[in-house]
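**Student:** Below are the chains, spelled out letter by letter.
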Amino acid sequence: GAGVSQSPSNKVTEKGKDVELRCDPISGHTALYWYRQSLGQGLEFLIYFQGNSAPDKSGLPSDRFSAERTGGSVSTLTIQRTQQEDSAVYLCASSLAGNPIETQYFGPGTRLLVL
Amino acid sequence: QKEVEQDPGPLSVPEGAIVSLNCTYSNSAFQYFMWYRQYSRKGPELLMYTYSSGNKEDGRFTAQVDKSSKYISLFIRDSQPSDSATYLCAMRAKGTALIFGKGTTLSVSS
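First to last, the protein sequences are chains A and B.
First residue of the first sequence: 4, per my numbering; consecutive thereafter.
First residue of the second sequence: 378, per my numbering; consecutive thereafter.
Isolated chain A, as found in the complex (with noise of 0.2 angstroms):
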């Protein structure tokens, strides 16, 4: 089956631009969660959904980041008025069910950079 799928794969965006995100988790995976990753940061968890539960966005880093996840499926990370610091790979991953012990399935991550 199909793994992870997240588009676009590479992002050029000019500062103050809106972009959009998407990731097409696995199918049947509950859990869905989104990181970032920076040069030289590691991973940094930004927000995490589990079934019709609210969401974890307790990552999130401003207002300006938002995401979604309709239908239990599909996730669209929204980033507002972009900035420069912006910048990073942003992946997304599924696992089954959410629980601790369960393997995260990630994608390629989307390369976002902000002019």
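By construction, these hints were calculated from the structure, which means they are not laboratory data.
Just so you know, these numbers come straight off a predicted model, no measurement behind them.
Keep in mind that the hints are not guaranteed to be accurate.
Said to hold, decoys possible - For lysine-lysine, the following BS3-like pairs were computed, each having C-alpha atoms within a straight-line distance of at most 25 angstroms: (1) B:K471 to B:K433; (2) B:K471 to B:K447; (3) B:K444 to B:K433; (4) B:K419 to A:K14; (5) B:K447 to B:K379; (6) B:K444 to B:K471; (7) A:K14 to A:K60; (8) B:K379 to A:K60; (9) A:K60 to B:K471.
Based on the hints, put chain B in the right spot on chain A.
**Tutor:** Showing chain B alone in chain A's frame:
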């Protein structure tokens, strides 16, 4: 002090060498410990998972957790050029998000 510390390297070894990768952490509530491998321009993939303290072996890979020292290790025996990648430690407490180290870049030369 960051919750998880990991030396970014780079670490360069010849083929066949034993590789030791390490992370330290500060949060004593962490119970779940993982090692991920990330090839260039790919997403991380889970290599090893350990719950609480102890050792776990899978082929050429051994993961160790020492909760008393807040120290985890990944050993790679008989390293191969295909092991060249960035290795990320990750850990979490029950009910919390996964916290990653910055990753160690490993290069194995043939």
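**Student:** Holds or violated: B:K379 and A:K60, Cα atoms, limit 25 angstroms.
**Tutor:** Holds, because 20 angstroms separates the two Cα atoms, which is no more than 25 angstroms.
**Student:** Assess, step by step, whether the Cα of B:K444 is no farther than 25 angstroms from the Cα of B:K433, and give holds or violated.
**Tutor:** holds (14 angstroms)
**Student:** With the threshold set at 25 angstroms, check whether the alpha-carbon distance from B:K447 to B:K379 stays at or below it.
**Tutor:** holds (13 angstroms)
**Student:** Quickly compare the C-alpha distance for B:K471 and B:K447 to 25 angstroms and report which way the hint goes.
**Tutor:** holds (17 angstroms)
**Student:** Below or equal to 25 angstroms on CA atoms is what counts here, so check A:K14 against A:K60.
**Tutor:** holds (23 angstroms)
**Student:** Check whether the Cα positions of B:K444 and B:K471 lie no farther apart than 25 angstroms.
**Tutor:** Distance ~15 angstroms between B:K444 and B:K471 Cα, so the pair holds.
**Student:** Given the proposed pairing of B:K419 with A:K14, does the C-alpha separation stay at or below 25 angstroms?
**Tutor:** Holds: B:K419 and A:K14 sit about 16 angstroms apart, inside 25 angstroms.
**Student:** Is B:K471 within 25 angstroms of B:K433, Cα to Cα?
**Tutor:** holds (20 angstroms)
**Student:** Holds or violated: A:K60 with B:K471, Cα cutoff 25 angstroms?
**Tutor:** Answer holds: A:K60 to B:K471 is near 17 angstroms, not above 25 angstroms.
Consistency note: the structure conflicts with none of the earlier hints.
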